[in-house]
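Novice: So the sequences go chain by chain: A and B.
Be aware that the first sequence starts at 27, since it is given in the numbering used here, and climbs by one per residue.
Be aware that the second sequence starts at 23, since it is given in the numbering used here, and climbs by one per residue.
I should point out that these hints are in silico values taken from the structure, not numbers from a laboratory.
The beta-carbon is built from N, C-alpha and C at its ideal position, and this holds for glycine as well.
Some hints could be false.
[Unchecked claim] Using C-beta positions, here's what the derived DEER-type ranges look like:
no., chain 1, residue 1, chain 2, residue 2, range
1, B, 281, A, 74, 22 to 28 Å
2, B, 217, A, 263, 50 to 56 Å
3, B, 196, A, 353, 54 to 60 Å
4, B, 179, A, 74, 25 to 31 Å
5, A, 144, B, 330, 48 to 54 Å
6, A, 86, B, 121, 52 to 58 Å
7, A, 233, B, 281, 33 to 39 Å
8, A, 270, B, 241, 27 to 33 Å
9, A, 42, B, 241, 37 to 43 Å
10, A, 148, B, 334, 29 to 35 Å
11, A, 41, B, 240, 33 to 39 Å
12, B, 240, A, 263, 33 to 39 Å
13, B, 227, A, 42, 49 to 55 Å
14, A, 45, B, 121, 58 to 64 Å
[Said to hold, decoys possible] Not everything, but these chain B residues come out facing chain A in the computed CB check (under 7 Å):
no., residue
15, 147
16, 151
17, 161
18, 164
19, 168
20, 171
21, 172
22, 293
23, 335
24, 336
25, 338
26, 340
27, 343
28, 347
29, 348
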Amino acid sequence: MATASPALPSPGRYRRIFRGLLIPVLALLTALVAGALVMHLSGDNAQDAYIGLFKGAFGSAKGWAATIRKMIPFILTGLSVAVAFKAGLFNIGASGQFVMGTVFSVFIGINFEGLPMAIHLPLAIVFGIVGGALWGAIPGILKVYTGAHEVIVTIMLNYVAALFAGWTVYAGGSQGQTPGPLWDRTAGPISETPDVLASARLPYLFDPSYRIHYGVFIALAAVVFIWWLIYKTTIGFEIRTVGQNMKAARYAGIRVNWTVILTMGIAGGLAGLAGAVETLGLNHKFAPEFGGQVGFDGITIALLGQTHPFGVVLSSLLFGALDAGASKMQFDSRVSADIIQIIQALVLAFVAAPMIIRALYRIKRLPTESESTSLGTSWGGS
Amino acid sequence: MGSTFWKRSSLISIGIALFLVVMAVLVNLTSLSQYTWLRVLFGVSALNFTLRASIPLVLGALSGILCERSGIINIGIEGMMLAGAFAGFVAKTNTNHWPLMSSLIFSVLIALAVGGLMGLLHAILSIRFRMDQIISGTVIIILAAGTSSYLYDRDAIAQGKFSSVAIPGLSDIPVIGPVLFDNPPLTYLALLLVVVVHVALFYTRWGLRTRAVGEHPRAADTVGINVNRYRYVNTSIGGMLAGLAGGYLVLEAVGQFQEGMTAGRGFISLAAMIFGNWNPFGALGAATLFGYTQALQNELLLAGVTNVPRQFISMLPYIVTIVAVSGFVGRVRPPAAEGKVYETEGGTE
Numbered sequence: 027m028a029t030a031s032p033a034l035p036s037p038g039r040y041r042r043i044f045r046g047l048l049i050p051v052l053a054l055l056t057a058l059v060a061g062a063l064v065m066h067l068s069g070d071n072a073q074d075a076y077i078g079l080f081k082g083a084f085g086s087a088k089g090w091a092a093t094i095r096k097m098i099p100f101i102l103t104g105l106s107v108a109v110a111f112k113a114g115l116f117n118i119g120a121s122g123q124f125v126m127g128t129v130f131s132v133f134i135g136i137n138f139e140g141l142p143m144a145i146h147l148p149l150a151i152v153f154g155i156v157g158g159a160l161w162g163a164i165p166g167i168l169k170v171y172t173g174a175h176e177v178i179v180t181i182m183l184n185y186v187a188a189l190f191a192g193w194t195v196y197a198g199g200s201q202g203q204t205p206g207p208l209w210d211r212t213a214g215p216i217s218e219t220p221d222v223l224a225s226a227r228l229p230y231l232f233d234p235s236y237r238i239h240y241g242v243f244i245a246l247a248a249v250v251f252i253w254w255l256i257y258k259t260t261i262g263f264e265i266r267t268v269g270q271n272m273k274a275a276r277y278a279g280i281r282v283n284w285t286v287i288l289t290m291g292i293a294g295g296l297a298g299l300a301g302a303v304e305t306l307g308l309n310h311k312f313a314p315e316f317g318g319q320v321g322f323d324g325i326t327i328a329l330l331g332q333t334h335p336f337g338v339v340l341s342s343l344l345f346g347a348l349d350a351g352a353s354k355m356q357f358d359s360r361v362s363a364d365i366i367q368i369i370q371a372l373v374l375a376f377v378a379a380p381m382i383i384r385a386l387y388r389i390k391r392l393p394t395e396s397e398s399t400s401l402g403t404s405w406g407g408s
Numbered sequence: 023m024g025s026t027f028w029k030r031s032s033l034i035s036i037g038i039a040l041f042l043v044v045m046a047v048l049v050n051l052t053s054l055s056q057y058t059w060l061r062v063l064f065g066v067s068a069l070n071f072t073l074r075a076s077i078p079l080v081l082g083a084l085s086g087i088l089c090e091r092s093g094i095i096n097i098g099i100e101g102m103m104l105a106g107a108f109a110g111f112v113a114k115t116n117t118n119h120w121p122l123m124s125s126l127i128f129s130v131l132i133a134l135a136v137g138g139l140m141g142l143l144h145a146i147l148s149i150r151f152r153m154d155q156i157i158s159g160t161v162i163i164i165l166a167a168g169t170s171s172y173l174y175d176r177d178a179i180a181q182g183k184f185s186s187v188a189i190p191g192l193s194d195i196p197v198i199g200p201v202l203f204d205n206p207p208l209t210y211l212a213l214l215l216v217v218v219v220h221v222a223l224f225y226t227r228w229g230l231r232t233r234a235v236g237e238h239p240r241a242a243d244t245v246g247i248n249v250n251r252y253r254y255v256n257t258s259i260g261g262m263l264a265g266l267a268g269g270y271l272v273l274e275a276v277g278q279f280q281e282g283m284t285a286g287r288g289f290i291s292l293a294a295m296i297f298g299n300w301n302p303f304g305a306l307g308a309a310t311l312f313g314y315t316q317a318l319q320n321e322l323l324l325a326g327v328t329n330v331p332r333q334f335i336s337m338l339p340y341i342v343t344i345v346a347v348s349g350f351v352g353r354v355r356p357p358a359a360e361g362k363v364y365e366t367e368g369g370t371e
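Could you put the whole structure together from the sequences, leaning on the hints where they help?
Specialist: As structure tokens, then:
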């Protein structure tokens, strides 16, 4: 992470924002072109696909609604990964934290009948945050005290969380095992939870058929809060310092261990919040095997957004649109929706290696810009 | 301090493997076999399953060892495995009309080639384009998952897979024979590769240079070793081994392809590599341990000897991995120059 040395004139504010957007936008365009090439080579019509994609995402009020609805979990998981990046930590565990947030919030949501909404809903959301934060803090604690690399631990915890969630809704086995604590007794042999009570649901905005809920505001509030936390508070300064140089941070008297655990907790809390909001606002229940891609999406979104909270919003808009448009694209052009995943991987590749984009478009590097995104190296953790 | 820890850590994992074999011999050949629990824990079927579950982990760990010994972190093993599995599957479905053996061998070669290409891509991204190696690995994973589901034809069916070849004489040894010497060819190949990689790494010029590049690239460069060339070659070979692991899953273990069928094996391989202290035999021991947890999960569920919910039993491999990684990382030592871009002194692109 290069910082401007005092001798060099620092470029103006707008120029900085322009430069900040330049690489991601070019990366996106390049990925779209490369995606078209892949479609062309496998015999699909790329033009129809992209037109269908665009129409599906922005061509109608329903399309816009779907795009915005899908942005919500993307913003929160993107923030989760971005916050961890700020401290030099790689959180691949957003999907596990998302799952734990869902389980915790549903536990509150389906119990405590008769509680007024003003208490029930916030309680369910807070439990979601806590569930994710606890799950996120574990790899932080293990990293600090044993040196276990957070990448392996978070991935393993993703599988554990998925199995745990599966157990909580388990309908009971043929060998007479006890059913899970969150299982819906009226669902018979189906493993799923009951719907969360009306007093714990996030209300819909606009017409219910658009299925946009108040989670939009929660996500945007989280963006502002994280921006304030990272750039305007002492904690944020400590997080960024640890991310830039752990040894220097230690010499400067920052409690590095505590900062690592706290950052992983915050990251987990954000992903847990994503799970809570998605369930309380949209799905209202869960069954085994949910969450899926959300963690890896968060990584791409965070990097595409240059790990800045506002950047995360922009890249979530893009990912929301890709997701929302995918089904119409598949319907209109018969191109498999899985092409979206390839495009996302290409976006990630081009964003994470700005050198490729710079070489392609012959852009000179400013002295204030770093060569590439950099994480902690090696497994030992120092 | 290096060498004593070096030996200790790989001894621990080799010890675990030996313990399993000894217990198996005891339980299956003495009166201990009347205890259901012991039969579940150490029966021939548990050991057979252990070996089958260990093979992809061993190959993945060898892949990681080759890359990391030369200084490239390879978190993309999972993606390289998946790519190899998918490529092997596509090759097999397109050659179903060939004689079975040639079709299978051709598919293995394709799996190797595609895995190698993914390794090369990882090397290009992290060396030429200086991408963070962990992110580059993530790109590999997402790319492999996306491409394999995009191109996957759900109607395609692979016909036939490798079947067991008993080694005459050795396969008649009680307990050890049916477990170790009555297996399909890729299993033998994987075990052979452990020896090959060990010898290559510690007893050849290439191995010495690889380790030098991973430990102290500046010094290696000074004596005239082309650091980045070693890294390109090793990462590509590492990719081939991960591709072979994927080929093993499709062409020998399962016989078909499923989306996301690697199911975290690439990451568990990484843990096996760390646990085995970046040594091939250490990794073999660790892979056996992790494979054993998967076998145990299977056996416990089948035997019905416990009423612990199956989800908790299924957590075993993942939790053991976490415990192993947290218990041992502080005490093992990764190659010193791992994860760092190497630039020649004063050199420009």
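Novice: Which numbered conditions among the earlier hints are violated in the structure presented, ordered from lowest to highest?
Specialist: Hints 5, 23 and 25 contradicted; others consistent.
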